[in-house]
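The residues making up each chain are set out below.
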Amino acid sequence: MKLIRAIIKPERLHAVKEKLNEVGVKGMTISDVKGFGHQKGKTEFYRGSPVQVHFLPKIQIFLAVSDEKKDSVVQAITEAAKTGKYGDGKIFINNLDEVVRIRTGEKNEEAL
Amino acid sequence: MKLIRAIIKPERLHAVKEKLNEVGVKGMTISDVKGFGHQKGKTEFYRGSPVQVHFLPKIQIFLAVSDEKKDSVVQAITEAAKTGKYGDGKIFINNLDEVVRIRTGEKNEEAL
Amino acid sequence: MKLIRAIIKPERLHAVKEKLNEVGVKGMTISDVKGFGHQKGKTEFYRGSPVQVHFLPKIQIFLAVSDEKKDSVVQAITEAAKTGKYGDGKIFINNLDEVVRIRTGEKNEEAL
Amino acid sequence: MSGANTAWILTASALVLFMTLPGLGLFYAGLVKSRNTISTLAQCYGIACVASVVWFVAGYSIAFSGEGNYIGDLSKAFLKGVGTESLSGDIPEILFVMFQMTFAIITPALIVGAYVERIKFSAVLFISALWILAVYAPVTHWVWGGGWLADLGVFDFAGGLVVHATAGVSAIVIVKMLGSRRGFPEYFDPPHSPVIAMIGASMLWVGWFGFNGGSALAANGSAGMAILVTHISAATATLVWMTIDWFRNGKPGLVGIITGTIAGLATVTPASGFIGPMGGFILGLLSGAICYYAVIFFKFSLKIDDSLDVMAVHGVGGILGTLLAGVLASETFGGLGLEKTVMQQTMVQIIGVVSVVVFSAIVTYVICLITKSIFGLRVSEEEEISEGLDSGTHGEQSYHI
Amino acid sequence: MSGANTAWILTASALVLFMTLPGLGLFYAGLVKSRNTISTLAQCYGIACVASVVWFVAGYSIAFSGEGNYIGDLSKAFLKGVGTESLSGDIPEILFVMFQMTFAIITPALIVGAYVERIKFSAVLFISALWILAVYAPVTHWVWGGGWLADLGVFDFAGGLVVHATAGVSAIVIVKMLGSRRGFPEYFDPPHSPVIAMIGASMLWVGWFGFNGGSALAANGSAGMAILVTHISAATATLVWMTIDWFRNGKPGLVGIITGTIAGLATVTPASGFIGPMGGFILGLLSGAICYYAVIFFKFSLKIDDSLDVMAVHGVGGILGTLLAGVLASETFGGLGLEKTVMQQTMVQIIGVVSVVVFSAIVTYVICLITKSIFGLRVSEEEEISEGLDSGTHGEQSYHI
Amino acid sequence: MSGANTAWILTASALVLFMTLPGLGLFYAGLVKSRNTISTLAQCYGIACVASVVWFVAGYSIAFSGEGNYIGDLSKAFLKGVGTESLSGDIPEILFVMFQMTFAIITPALIVGAYVERIKFSAVLFISALWILAVYAPVTHWVWGGGWLADLGVFDFAGGLVVHATAGVSAIVIVKMLGSRRGFPEYFDPPHSPVIAMIGASMLWVGWFGFNGGSALAANGSAGMAILVTHISAATATLVWMTIDWFRNGKPGLVGIITGTIAGLATVTPASGFIGPMGGFILGLLSGAICYYAVIFFKFSLKIDDSLDVMAVHGVGGILGTLLAGVLASETFGGLGLEKTVMQQTMVQIIGVVSVVVFSAIVTYVICLITKSIFGLRVSEEEEISEGLDSGTHGEQSYHI
Ligand SMILES: Nc1ncnc2c1ncn2[C@@H]1O[C@H](COP(=O)(O)OP(=O)(O)O)[C@@H](O)[C@H]1O
Ligand SMILES: Nc1ncnc2c1ncn2[C@@H]1O[C@H](COP(=O)(O)OP(=O)(O)O)[C@@H](O)[C@H]1O
Ligand SMILES: Nc1ncnc2c1ncn2[C@@H]1O[C@H](COP(=O)(O)OP(=O)(O)O)[C@@H](O)[C@H]1O
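Chains as they are written, first to last, in the numbering used here: chain A, 1 to 112; chain B, 1001 to 1112; chain C, 2001 to 2112; chain D, 3001 to 3401; chain E, 4001 to 4401; chain F, 5001 to 5401.
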């Protein structure tokens, strides 16, 4: 199994979720994070003076999938999250050793 | 060492924490996340019209433990978090390569 | 590549970020988490009666780096985050299998 | 000059300003998505400022000076000649200007609920300025400034026609010109903060004592009766709306509860100086139910994205109250009585409603055309669906926690 | 009719409504867990509406009509015969109805603090409706409606007995019937938002000017004195509470600071029309300290989960102020003087306290029994400990960020 | 006694208290970092309580009793002899005490904006207590208590000198003694909640009707004119500030919008009883622009960390309004006229400004020295940069979600 973690722009969440449903993803967990990267933060103004905001709001998607689904999932995210501008985000993929579904005690692939 | 990540219902946090203390867990990190899975989201109403809320509030527990403790921890979480209804959540387990305790510089098992 | 996850005190974020810039880190993702460990939580008072707050606010830094950068990054975080008091936090390091940059589709080292 | 009446209208002016800032702002801001919170507040706030200046420059004069049947004149532009000594009835005219200014502030601000989350800020300010001059001030002149509807003897105590009907109708017209929020009606988000909306609704309720009670322009039994019937209608409508919600959806939500209040308040407004407690109770019962279904009708049958239901709550409520004002003013319903027959009065009320609806619709349409050609109406798709208007238009974030 | 007095009571009515909506609602909502925020607000809001309708239907008549010693009659049910011309003293009676209605709203809403986070919403509304008719209206009749305590000459200017003692005692009774929140007293959570609670407390403070000052039913030196002593007591009690906190816990918390204010306000309420500035100062000193320890006593010695300390703050405060009103009214303490001796007056005050406490306790107990058998009192364990009442009862979430 | 005037001043007292609690508290709390929210609110709240007690004990007497040119006497300490019958003009003196108390509350609370996020809470309370006695009460005596500036005929209707100039100047002095926030000016954070700041600003605006309108001490045309010009100045200054922001930074931020309002309000304050609508408009235009650049000047040219710009907004505004009050009072600008020539009056205004500025600066400096030696001024570096004052000083967290 694979553990996929994607950092995306908040406004793309809806699209990404739809796309993931299409490729058969049945569960996922998201959280609010803040990111810093090529997209350099932004400038707000406080009473006429610039104030630097370094970290921009992003959403992290946390997703466990079976090995064979990995590629389609990565592709789905890439497509739906892409705007072509700086800050579109990144996908991090790792092996996942074990999964347990709390409700039933099922393990691994069955627990996904 | 193992890295355990559990997604649970917010209301079970208190019970899970107590149980983890019992099996000797001394440290953990939690965060607010939102989840989507078999439990299908829920319907709120806005002035008489249904509005779909897709992501439900969950809590993620992030926990590094020694290899031998893994099983008892997973069991503790499973027991305390289970309500038997959809949405009880999942536990994801991975190998953990290295840990550093910032305060002392201790490494790995000693840093847990 | 390595996946570095550090839990630090919120007030050290600014210092850690500066230090990471110095050692050439160009991107990172942070989130608000709550921690529990040797630092035992704290007591607030509600109308004269003590109330235990178990989880303290922390910040998690989530950082993908190339293998060779790992050591300097861990050192940078350790130095900047350390106050010497309980609760300074921990760094967790894992291998990272794959990275994709959404904007360009670049993979792995290039995507960092 | 009556010091007592002056004391009450000073207070009432503060109460009505409070309805908009922060009341209405918070009510609306709590109902939108969190990334449009600042934008919604800034729209209400910006309108308040523009309306004040416009009222000072020409609005008051158009509404309240001169002998015209359809429109006032500019003899009091820049409040020329309105000093500390001039009177309006038995209160200082300058205070009357102020009290009326707070009405001129809240009326265009009500319309904000229709176009939130997608309109350009420049368009908001421009539309509002024109709208006060070309819709609000003339209708005010008709009804309260000695114009033709006043001559007919129309009943509109505190603004069912002048405030709620004009705002509701114009809301629909603007939405038609502007278009729906992307995704509507398939997909929309629940209010981001019922708590903030509730704070706003409570402030509106309290402020409405100044709105309806102040419209007596005196501290007397009439003002007392006005706030009592206002309050009864609000409380009753709230309970009705809550009950319907409870039966239909299984749960009485807070957003529904507070919406019922606003429906009850808007509805009783035109009638509040003519009816008795039982009339207030009846209007509460009716408005809670009728506005409830009006929301569903406009949103889901007509698929008009009047986002926060300005027409369904304010427009329908204001019109309903106007139509029933004559009936409920009769002694049968414990009202304070009328000179005409109920039938005659109700005819006048119908004439009032029709003329105000048609006039508001047409003029607002023209205003939108002009605004569209100068500023454009909508923000970019990118701004609307992604970063939100808080960041896109105002460069700020509502909460940096 | 006095226009000036009317002007002030119009304003005072708005101020007292503001105390409940949103004042008290926010004060309480800030102190509960975040997942019960909407529930707490909806309880206050729902009570306000139910109380208004009940007051209109029969409450006012029971409290203020007829010659009965113990209870009024129904001759003014549905406000029959209360028009714009009828007077109560020198203000319009309809306004007096309204002003008193705002008291009938806030009193049962005060009790919300006792039962938050676990009670059924239907039970809240039902209990409150009965309670106004069977506890609040009769006691009001005794004290302000010409009943037996009025005949005895009891001092209760703005509701130490009528409002705070009835609410405080009933709070305890309801909690006894309902049970504690699960986990209490071993485990409870800190207030989820001291900021929201502070907003509410500030609104209560400001609104209390209308509450105590309005109870003079006139715009005169008596009203001026009432707000001044009210203010002094509030400020002093705040400083006392803060100081105790600072010494005992090392830190002056904001929640403690604002709680001190409420203690000072509740305590001065019955005395506010009889005492001078020095009396206000003394009540502030005493209430800040006594209510502080009362909270600890009820919560930790008696282990009663009167969750937001309605009895310890309002009940104890109101009773304290009632008992001392006679003493501090004397010229020795700069008071406005009394006709009886201090001793005699204090005896009357004691009779007032005892009778109101006993009566409220018994009737509230019966109301709870009835309500329990019809609706049940508590939400499910699942709802209480897991999803919270916001989602469970109202189907909403307080913040969608 | 005038009942009508009494009714209005009762109301105005409530409005001005509302400006501080919660108005100013929220305005400031929204602008700081989230971990100093509670601290900022507690500072405003604590000052309100301290100021009330100090005013009762001696402040009022120093300001308003006796015949001294420079300072009053202690003959009314503890409000001795101020009963329900004594009058001040045609309102009860006890009410005048109360109304003035609300001014004594807000003025030191204004200074909070200068020292937030780093000062000790004990120092805040101590400085404020001394400051009321040694700066505020004497200056009040000079201007409103029959002192030497009153004799000269200085124009300061509602506190340009007494309130805004004293607060602004003292803000700068305290900051100089206290030092900047660590990191300033290279690094500072944007306001953590423009929403909360906007709620506060709106309450300030509404409350200002009581502040300026109440300063007429009567419900008449003068009060009406005062609130009208106040409102016009606020609205105009808001639009000016917003427009400058829009041009300079590309976006009209909400924080800028509301700051413009406060600038317009502070500026019109001293002039509000002397000028006409056009004067209000002119002050709005000037203050919106001048205060805007004053902020930048103090913060970035002088590098003074007057954190929320008390001097640049209140100080500069109050001084500007004071200097122009004479000019705009003339009939040329639609003012209510003056007895002296514009030139003479303006000389008096300049004398007023200079003497108040110098006096406030010196006395505040001494107060800071005393406070520093007793309590120290700053919290620990650890507390300031890490946990924040909410947790460090008050042991609480603003939001437990
Ligand atoms: N090395 C990294 N480790 C963890 N997160 C990263 C890293 N680099 C970038 N990110 C996350 O990805 C987001 C987008 O990256 P950025 O460099 O701004 O844009 P792009 O990927 O389009 O070049 C960042 O805001 C941050 O949250
Ligand atoms: N494949 C997945 N990857 C990441 N998180 C998941 C995944 N599937 C479920 N989750 C998380 O677990 C929670 C519970 O899952 P759900 O399918 O609703 O219930 P159950 O586990 O009882 O069948 C979800 O809300 C989501 O947060
Ligand atoms: N085993 C663990 N797994 C996950 N997070 C942990 C673990 N132990 C500690 N932490 C995190 O690190 C933080 C600091 O740890 P703590 O034990 O309090 O201090 P120290 O590391 O200085 O001994 C905790 O608040 C928690 O967020």
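Just to be clear, a hint being listed does not mean it is correct.
Said to hold, decoys possible - Computed list of lysine-lysine pairs in DSS-like fashion (alpha-carbon distance at most 30 Å, straight line):
| hint | chain 1 | residue 1 | chain 2 | residue 2 |
| --- | --- | --- | --- | --- |
| 1 | C | LYS2042 | A | LYS40 |
| 2 | A | LYS42 | B | LYS1069 |
| 3 | B | LYS1026 | A | LYS17 |
| 4 | C | LYS2082 | B | LYS1070 |
| 5 | B | LYS1002 | B | LYS1019 |
| 6 | C | LYS2070 | C | LYS2042 |
| 7 | B | LYS1069 | B | LYS1026 |
| 8 | C | LYS2085 | A | LYS2 |
| 9 | A | LYS107 | C | LYS2042 |
| 10 | F | LYS5251 | D | LYS3176 |
| 11 | A | LYS69 | B | LYS1070 |
| 12 | B | LYS1107 | C | LYS2002 |
| 13 | B | LYS1026 | C | LYS2026 |
Simulated from the structure, these hints should not be mistaken for lab results.
Cross-check of the supplied hints:
1. C:LYS2042 <-> A:LYS40: Violated. LYS2042 (chain C) to LYS40 (chain A) sits at ~37 Å, over the 30 Å cutoff.
2. A:LYS42 <-> B:LYS1069: Distance ~45 Å between LYS42 (chain A) and LYS1069 (chain B) Cα, so the pair is violated.
3. B:LYS1026 <-> A:LYS17: Measuring from Cα to Cα gives roughly 36 Å; hence the hint is violated.
4. C:LYS2082 <-> B:LYS1070: 29 Å, holds
5. B:LYS1002 <-> B:LYS1019: Holds, at about 18 Å.
6. C:LYS2070 <-> C:LYS2042: 34 Å, violated
7. B:LYS1069 <-> B:LYS1026: 12 Å, holds
8. C:LYS2085 <-> A:LYS2: Violated, because 37 Å separates the two Cα atoms, which is more than 30 Å.
9. A:LYS107 <-> C:LYS2042: Roughly 38 Å between the alpha carbons, so the hint for LYS107 (chain A) and LYS2042 (chain C) is violated.
10. F:LYS5251 <-> D:LYS3176: 27 Å, holds
11. A:LYS69 <-> B:LYS1070: 27 Å, holds
12. B:LYS1107 <-> C:LYS2002: 17 Å, holds
13. B:LYS1026 <-> C:LYS2026: 34 Å, violated
Hint check: violations occur at hints 1, 2, 3, 6, 8, 9 and 13; the rest are consistent with the structure.
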